[in-house]
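Trainee: Using the sequences and the accompanying hints, generate a full structural model.
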Amino acid sequence: MAARTSIPLFPFFIFLFFSISPLTSHCFKITTQLIHRDSHLSPLYNASLTAADRAGRIVESSLARRAYLSAVNDDEPEDSIVGGIEARLVWGTKYNIFYVRFSIGQPPVKQLALLDTGSDLLWLKCPPCSPCPVDSGATFFYSFESKTYSPRPCTTACKKCTDYLGGQTSEGVYATDQLVFGTTDGRCTVVPKVLFGCCSKLTGPNVLDGQVNGVLGLAGGSYSSLPRGEESIVTRLGSKFSYCVGSLADVTYPHNRLSFGDAVDLVGDWTPLYLDHGNYYVQMFGISLGGKVKK
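Under mature numbering (1 follows the signal peptide of the UniProt record, and there is no 0), residues -27 to -1, 1 to 268 are what the sequence shown spells out, in order.
Treat the hints with care, since some could be wrong.
[Claimed, not checked] Here are the computed lysine to any residue pairs in the SDA-like style, where the Cα-Cα straight-line distance is at most 20 Å:
no.	residue 1	residue 2
1	LYS120	SER76
2	LYS213	LYS267
3	LYS120	THR90
4	LYS166	THR121
5	LYS2	GLY155
6	LYS174	TYR115
7	LYS213	GLY155
8	LYS2	LEU221
9	LYS213	LEU168
10	LYS213	THR90
11	LYS213	PRO227
12	LYS213	TYR254
13	LYS83	LYS213
14	LYS213	TRP243
15	LYS2	SER123
16	LYS213	THR4
17	LYS120	VAL163
18	LYS213	LYS174
19	LYS83	PRO126
20	LYS166	GLU118
21	LYS120	VAL146
22	LYS213	VAL146
23	LYS83	ALA28
24	LYS83	GLU203
25	LYS213	PRO245
26	LYS2	LYS174
27	LYS213	GLY241
28	LYS267	ASP249
29	LYS83	LEU22
30	LYS166	ARG74
31	LYS83	SER123
32	LYS213	LEU246
33	LYS166	GLU203
34	LYS213	SER12
35	LYS2	PRO165
36	LYS120	PHE71
37	LYS166	PHE1
38	LYS2	ARG160
The hints are simulated quantities; they were obtained by calculation from the structure and are not laboratory data. Quick caveat, the model's predicted, so the values are computed rather than measured.
Mentor: Written out as structure tokens, the structure is:
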């Protein structure tokens, strides 16, 4: 299958919807802020980086994405499936551009996770974990301190949360707990019993560093290794999400947004996401270079 690719038009609005049964429907309306990696709101902010430095990293990220698309469009060997969860995207704080803040547990503990549309699992670093440097400034989630934490029964085969094509793995256990999202109108929304991976071991290149606690996976897919009826975070939040970003080069743009459920409201220019084998694609009609359109 040939990969479908596209270039973004900024600012743009991306919308996805897929239906679920009435038994698993939930009415949530959440719009929260997306944090640009290089903005002053990010713990990864580095004032010494030049525009050329940031552009170089975006190029590396694009090359990593191209390698990923090439891999998933080839016939994947059976050993790319670990614990019933398909290997997904190459990730790491070096490549990802946007991050999401939320809290987990009761009492709530603040978290910062990278946004990933190439994987379908929310997972977080849970001490005792490796590597989890205590001097990183991160606020780690100690599951035994949460009154709403509930581990899921699981066999040895699914102790590995997720495997990625870049060679990274995250190992731990599945559980549910409540998430708290701060919204753009200054309020908070509590989402109970969200499935996530409580991961104690990270291995491979470009593992999470600093104050980044995990990955918020928004891809479509199912957890075949879990009991029937379990939901991904996208399904839990109404089976639709959207995000709106300004120019990737503008680290000061204040209106980058991520919306879930009934907060998805199509206004202005937007483009649909196409779901294929758990991956999202945008249809591209051409590329403009120097005022000339290449199709």
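Trainee: To test your reading of the hints: which numbers does this structure violate?
Mentor: 2, 3, 8, 11, 13, 15, 18, 19, 22, 23, 24, 26, 28, 29, 34, 36
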